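Modelling step: build the complete structure from the supplied sequences, incorporating the hints.
Now for the letters of each chain:
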Amino acid sequence: MMEHRNVVLVVDDDPDILDVVEVVLELQGVPSICASDGQAALAALRSSNEIGLVLLDLMMPGMSGSEVLAEIKREPGLSGVPVVLISGNYHTEQNVKTMGADEHLVKPVDVAELMGVVSRFVAVPGRPPEPPATPDAHKRH
Amino acid sequence: MQCWCTEVAWYAGCTDRDSCAPSVDGAGRGVARALLVLASVSKVGIDPSRPIAEIVRDHEETQIVFQRLGLLLAEVGDVPLETAVAERGLDLAQVVRDIENAIEESTPFAHGAFEWDIRRNVVRVSPALTAVIRMHEQSGPPARFLAHIHPEDRPRVEQAFQNAAHGLYPMSLEYRVLRPDGTPRIFASRVEPLEGEVPVLIGMVWDITEQHTEIRTADAIIETPLLRSTLESTADGILVIDRSGNITMYNQRFLSMWHIPDEIVAKRADEALLSYVLDQLREPAQFLANVHELYANPERESFDVLRFQDGRVFERYSRPQRVEFAIVGRVWSFRDVTERERLLSQASFMLDASRLLISLDLRSALDAIAEAAIPFLGDACAIDVFSDPDPHPTVSHTIDGLPFAPVLPADVLAGRSASYEAERTSFVAVPLIVQGEVIGALVAAAPLRRRHTRAQIEFLERLAARIALAIENARLLREAQDAVRARDESLSIAAHELRGPLSAIQLAVQTLQRQDVTEAMQARMLALLAREDRRLARFADDIMDITRIRAGVLRFVDEDVDLGAIIREAVGRLALEIERTGSKVSIEAMGPIIGRWDPLRIDQIVTNLLQNALKFGLGKPIEVRASASAGWVTLTVSDRGLGVPPAQREQIFKPFARAVLVRHYGGLGLGLFIVRTIVNRYGGTVEVEPREGGGSTFVVRLAQDRSQ
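So the sequences go chain by chain: A and B.
As numbered in the numbering used here, residues 410 to 550 make up the first sequence, in order.
As numbered in the numbering used here, residues 264 to 971 make up the second sequence, in order.
It should be emphasised that the hints constitute simulated quantities derived from the structure, not laboratory data.
You may find that some hints are simply not true.
Claimed, not checked - Covered stretches of chain B, going by a simulated chain A footprint (3 or more residues, C-beta under 8 Å):
(1) 734–741
(2) 770–782
(3) 874–887
As the list claims (entries may be wrong) - Here are the computed lysine-lysine pairs in the DSS-like style, where the Cα-Cα straight-line distance is at most 30 Å:
(4) LYS917/B to LYS878/B
(5) LYS482/A to LYS878/B
(6) LYS878/B to LYS847/B
(7) LYS883/B to LYS482/A
(8) LYS917/B to LYS847/B
(9) LYS917/B to LYS883/B
Since the structure is predicted, the reported quantities are computational estimates derived from the model, not experimental observations.
Just so you know, even glycine gets a beta-carbon here, dropped at the ideal spot from N, CA and C.
As structure tokens, this is what we get:
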């Protein structure tokens, strides 16, 4: 967890996903920034030093999620920011980690699952910090 | 009354031979012979009241012969001689005289007999035989008697007797015998194992010297007009050779079958003929060996199949020619079964080819067929499938392994079989046709001297039909497999596509369930749910449309429609999406643009094209234009987005097509397929062109009124 970085950057081309995730986070007291494509996401990352987590959709037109992730990892100023990949497919643990992401969520995601992952990386008011991910934390699939 | 069916009985006037036991041969004659001896012996006294068998046993001379007659004696042996004669109402002396005369006149009666006790290895010879040969010995080891046989024939005779003794089977053979003064006589012998007492062989001997000479020199005597016409009417080619190897008879069919020129036949010599025919055969050595073996064993019959170098096939029968008992020559009969063999092997080949063509590996099947076809079609065979990009024939085989890539004549490309000659070679080419289209060709080549027959061309055509069918089936199978694969991919994509909406809906519903949700949030979530609901509904509609399109039941209700109005409505409906993407949409529709269409379907065209532009437009401006002229309406939707690569410009209109990698996009790609289907239904066209400066322009052309 990074101190003083408590904003979540949500990146997805689907406007309704951005909409609902913003509301879910807001209800949990977590501030968020929305970006509907890779370029906007990188711009937001570069211009803010408060982003403590990126929720990144894999399937996007233009710049794909994996391209965005690669770019993030390439830039020294950004590479430290944790990234959680959200996709519709089951990737293996190995795959996700190879790509450089810290965690992986498979749609459809429910609130509990989402918040469980988010609270590992940013502070969620009223919720004790989750312990760091163990090897079988990603036990689901 | 018992009819003792013997030569004697016959000579005695018995005419009922047909109902008697079938041993009218040496047995019957032996009785007659024996009785002749008896007659001479009777001068010293026979008691006619005694049974014949007893009388026979008392007289050594007759014993040998009567042993052979064991069976017959069992029938009549118990009857006293006088009774036997009396029953017939005959005079014994007269009977005997008649027999004597008959024997004098008739040559078939054995001239002598011998008996070989194999176990003790002793031969006993009848007095008559010693008289004929003019030898003195009456019994002794076999070698003593074999010494009288002509040295050239002796090994063969020795071998034959050994075989007969070993296997105890009957046999007949001929050989020359030299009298002590050197005169040769020709003998025919018939040897049989003795019934009951083994191992003993009984032999009957005939002196056929005169007969032999007569037959060889007297063609005129042998051949009658009836015989000649019979020979000329048979289906077989017939050749008759005498014991010395000279040709005694043949028919025209024989000459024509073997292509024998008159001068060879005129020589009348077996050897000349033999070497002439040997050249034509595939295996002359084998043939020659057979012939020699048969000459060495004149009594043997044989059947075999002759294969010629030029592909002909004959069946050959060979049997000894006998006059009465003596073998006087050999008859060869030949039947041309080439056609039958050809049809059989063709049928067998066609069956194999059909089986091969069922396999999924078509190339290997064609390869195997081309190779196997060579014996039927010539020296080379090639099969070319035009869709195969390689300019060489798809498969080819030649008898000498050299490449074979014939140029196809125009006739074949036009769908007709062609046969032609070039460079001392005869070619036959047959097209492979599927539903009227020429998809390939089958070509065979043979040396000019074996040019292709009509039958071969028909055979090729039948083969080509099967091959074309197999190629078409393979293509259909591939298409079906591709379609299934595409559909399976789409199903998984569809399932994937649903995750987005489900995610949003799930999170929204969970949010709405919270106690602390504000009214503003509620409103947002409810609006979201409504949007997702519409999205899913449209998704479901698209799927339904696809299904209906495939089933051919998409409904169209035509009315007068203003395209401009529809465009404006569609743009209005998509306002939210347009705003989100940031793509400004401009409309240019000059005046009312009226057409006779189903408004819902036209709306689908416009909406799908717009959504496509919004999705791929990268937020840049989108232009929609519509115009009409000369009965046609043109609608264009331009974006400045990613553009469509040239290779994909047809693909994107196919169902489940995705112009860009799955990694970047979800979506089923049904929208454009639906657009094309509707456009096609109205007899119009839809295409995508690249836009100068980047992006794509979709152009739709529709007739204003299809019925016009």
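Can the region 770–782 of chain B be counted as covered by chain A under the rule of three residues or more with Cβ-Cβ separation shorter than 8 Å?
holds (count 7)
- Taking 30 Å as the top limit, are the C-alpha atoms of LYS917/B and LYS847/B close enough? Holds, because 28 Å separates the two Cα atoms, which is no more than 30 Å.
Next pair to validate is LYS917/B with LYS883/B; report whether the Cα-Cα distance is within 30 Å. 26 Å, holds
Checklist entry - Is the straight-line distance between the alpha-carbon of LYS878/B and that of LYS847/B 30 Å or less? => result Roughly 13 Å separates the two Cα atoms, so the pair holds.
- Task: Verify the coverage statement for the region 874–887 of chain B against chain A, using a C-beta to C-beta distance below 8 Å and requiring 3 or more qualifying residues.
- Result: holds (count 3)
Discussion item. Does LYS482/A sit within 30 Å of LYS883/B, going by the straight-line distance between their CA atoms?
Written reply: Holds, because 29 Å separates the two Cα atoms, which is no more than 30 Å.
Assertion that chain A covers the region 734–741 of chain B - criterion: three or more residues, beta-carbon distance below 8 Å
violated (count 0)
Quick one, are LYS482/A and LYS878/B close enough, alpha carbons at most 30 Å? 28 Å, holds
Assess, step by step, whether the Cα of LYS917/B is no farther than 30 Å from the Cα of LYS878/B, and give holds or violated. 18 Å, holds
When held up to the earlier numbered hints, the structure conflicts with hint 1 and nothing else.
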